[in-house]
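Novice: Spelled out from the first residue to the last, the chains are:
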Amino acid sequence: MAMMSIRDNLQKQINDSIKQLDFLVKQTKMPIIQDKSGNPLWVDVRELDLRYQIPVKKVQKFFNGLKDGKILATKCQKCGTVYFPPQDDCPYCKTSGLEWIELPKEGKLITYTKISVKPPSFSHYQDYIVGIAKLSNGVNVTAWVIGNLEKLTVGVDVKLEVKEREPEGYITYYLELE
Amino acid sequence: MRNVAIIGTGHSKFGARTDVNLQELAWEAVKQALEEANIDQKEIQYFSVGNAGMWSSENLPAIVVGEYCGLTTKGTMRVEAACASGSAALREAYLAVKSGEVDVAMAIGVEQMHQSPNPNVVEMIGRAGSYFWEFENFGLTFPGYYALYATAYMAKYGLKEEDLGKIAIKAHHYGSLNPYAHFQKEISMEEYMKSKPVAWPLKIYDSSPITDGAAAIILASEDFARKVTDSPVWIVSQGVSSGFANLSRKSDFTTIEAAREAADMAYKKAGINREDSWKVFDVAEVHDCFTIAEIIAYEDLGFARRGEGVNLARENQTYIGGRIPVNVDGGLKAKGHPIGATGVSMAVSLARQLLYRAPNKGMQVEVKNGMALAHNVGGTGHYGYVTIFSTRRPSQ
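Keeping their order, the protein sequence lines are chains L and R. All residue numbers for the first sequence refer to my numbering, where the first residue is 1 and numbers rise by one. All residue numbers for the second sequence refer to my numbering, where the first residue is 1001 and numbers rise by one.
Hints in this document: simulated from the structure, not taken from any laboratory. Bear in mind that the values here come from a model prediction, so they are computed numbers and not experimental data. Just so you know, not all the hints are guaranteed correct.
To be verified - Pair ranges (Cβ atoms, derived):
| id | chain 1 | residue 1 | chain 2 | residue 2 | range |
| --- | --- | --- | --- | --- | --- |
| 1 | R | Asp1040 | L | Pro91 | 43 to 51 Å |
| 2 | R | Asp1252 | L | Met4 | 39 to 47 Å |
| 3 | R | Asn1316 | L | Glu178 | 41 to 49 Å |
| 4 | R | Gly1321 | L | Lys94 | 33 to 41 Å |
Just so it is clear, CB atoms sit at the ideal spot from N, CA and C, and this is done for glycine as well.
So that you can see chain L by itself, here it is in the shape it has in the complex (with noise of 0.2 Å):
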């Protein structure tokens, strides 16, 4: 229901800016405003609704993992390289079909920041912190830090766990300190 209210909230901008721009042509007969400096733009009648489609078929079984619960990545049995995020090619020794494994959960914050200027898509989150980690096997993991913030810093230990991400209710993971 709360990602409703969010869409909803959305599409009440969209709808406000829309009615200005309306109003606008109406009054002037064009969609022409002046900005700060007092310069005339055309505001756009054309809009554009993006949202790409991006093929998972390939590591459709990473997403499986994450239903169980688990985080998993490809090797390659010819070479040994661990690819996470997860290909199923392996450039080098030019075979498909790797093997699939789970990672770790143990690791070590390299780096992080806490994301205070979001994106609009971004918005409806408090701010983030969003971490990269070490995993014991030496695979680095990009995801948000949650858990006990007071001890954020360089260096401390942190979890992979699979959880759901509110609003949106889909699931994925993060790094979490004890």
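We have chain L already, so just place chain R on it with the hints.
Specialist: The following block gives chain R in isolation, referenced to the frame of chain L:
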């Protein structure tokens, strides 16, 4: 392969240029470059356009710019290398002349970011890391990516926020002298420390602004250059490298490998030792999209040893008169960072420096060796471009 000379440079005023559209903005730089070289469009046999786009309405900017600037019927392409798109456009034109394919080529860099509202631009740049694994789920912003470098550098080498402040203060100092700069006012350490957090540890005053701007360079073969100018600036060498899209694929978050590699390539071709590089150049332009990037650049270029770039900032060694003057036009931080124009703008600033034509004497370096360097990074370390310029004709 032939020597390639710069025979004309053009630069628009950078800033919120809502008084012109994309092609009108490009024309300001193109016109200046043509007048400086004292040639007409008909002499230009090829032109490349550095433009990242997305935020502006025209989808095929190279053609639109060519049409407006009277460059029709010339071969062209839009060149994208993220924030290094301008250097990539310069490379296109440089190789066209160097290879003997054409005698005269123009590189244009243009970007108009204010065609989209600022929040949308924040969104679009954030999407320019590795989309699915960094943005879709984790909402990294561009300052966020560079903040990951800053935090790692702080933990490893003891960098303080005030050290980053020294870089911002220098950028604003030179920006205040540069009539082309987006920001033309000095800032104090107090203002810097109080400025709003964007992505900890980076603040507003650590960040380059959302800017509109254009720059243009005309390149010519040695024979053509000799006919039109007695003061060419030569491109000695260029190094180009690329890295990972996904930051987590890196093993070290205190260096940008692509830039380091590009520097090694450019130095090798020019016969310069990394350790002595700072003695060779009279001035350098480095990619300071965020203050931390300038400190990392000092080290990636060999101006300082690893972990010691911060000392150059602390000791004011990159002001005019210091160990090596860096970004004396205000840099991306104060001059502004119109993505596709930045690389060409760096080349314009340096060519003018080498010819004692800085737009303000307070930002003119002393030219002892006649050598200058441009360092332009694309993305979060996706692309690295290092270009070396000289007033002395290269031996090839």
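Novice: So, against the hints stated earlier in the document, which numbers end up violated here?
Specialist: 4
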